[in-house]
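Following the hints, put chain B in place on chain A, whose structure we already have.
Residue numbers (the working numbering), protein chains in the order written: chain A, 619 to 730; chain B, -2 to 108.
These aren't lab readings, by the way, just hints derived from the structure by calculation. Just to be clear, a hint being listed does not mean it is correct.
[Unchecked claim] Below, simulated DSS-like cross-link-like pairs (lysine-lysine); rule was C-alpha separation at most 30 Å, straight line:
#1 A:K673 - A:K621
#2 B:K51 - B:K2
#3 B:K51 - B:K68
#4 B:K95 - A:K689
#5 B:K2 - A:K675
#6 B:K34 - A:K673
#7 B:K65 - A:K675
#8 B:K34 - A:K675
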Amino acid sequence: DVKVTQSSRYLVKRTGEKVFLECVQDMDHENMFWYRQDPGLGLRLIYFSYDVKMKEKGDIPEGYSVSREKKERFSLILESASTNQTSMYLCASSTLGLTEAFFGQGTRLTVV
Amino acid sequence: DQQVKQNSPSLSVQEGRISILNCDYTNSMFDYFLWYKKYPAEGPTFLISISSIKDKNEDGRFTVFLNKSAKHLSLHIVPSQPGDSAVYFCAASQGYQKVTFGTGTKLQVIP
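For reference, chain A alone in the conformation it holds in the complex (with noise of 0.2 Å):
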């Protein structure tokens, strides 16, 4: 059976922390992504990943980066937590040449 494990559901951070959220798939997937995901807002790309070592900006990237040292791992990190980073992360990942992404059940991360 195939998985992304996310390694919180929940978090709670506070203002101007340093977070880790982590993502790892089992499935030897070339793709990982970061989403995050709002009430009226969907989801909404953040950072994704074609291989090992690259990073590419999505939509909403202001206040995070990426890190991704092997090819299952795909690390999101809020690099001053605030506020408006409270919200539902979601990592997913896909095969090359396919769209079709398989997801983690998510971190619900609150900043207070």
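This is chain B only, laid out in the frame that chain A set:
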């Protein structure tokens, strides 16, 4: 600028009837379209897709229709079941990689 729009935030349908979820897009370069289903506290799961070279794709109870001239696609679920109650996201891509999602439609199927 919302390139993929789902104008109905919610929809209620009786069990056994047809559910029709609609989606409009503005980018004529999109060439692949997908629908995802999302239950609360879970990630979205892929449901069905269609290439821009087709106008219909069917998978069991689910059919997606694409009208390129109107830049419109729809998802039909027949017959609707209570387990279909979820949020449905329309998505579109140009090429294989970057996918743009709509805002979602919450479907409630009433037993």
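Hints, verified against the model:
For the proposed pair K673 (chain A) and K621 (chain A), the alpha carbon gap of about 22 Å is at most 30 Å, so the pair holds. Proposed proximity of K51 (chain B) and K2 (chain B) is supported: the alpha carbons are some 21 Å apart, at most 30 Å. For the proposed pair K51 (chain B) and K68 (chain B), the alpha carbon gap of about 13 Å is at most 30 Å, so the pair holds. Under the criterion of a C-alpha separation no larger than 30 Å, the hint pairing K95 (chain B) with K689 (chain A) is consistent with the structure, at around 18 Å.
For the given pair, K2 (chain B) sits about 22 Å from K675 (chain A) by alpha-carbon distance, which is consistent with the 30 Å threshold. Straight-line distance between C-alpha atoms of K34 (chain B) and K673 (chain A) comes to about 27 Å, which keeps the hinted pair within the 30 Å bound. A distance of roughly 28 Å separates the Cα atoms of K65 (chain B) and K675 (chain A); the hinted pair therefore holds under the 30 Å criterion. Taken as a hint, the K34 (chain B) and K675 (chain A) pair is honoured in the structure, with Cα atoms around 25 Å apart against an allowance of 30 Å.
Hint compliance for this structure: every hint is met.
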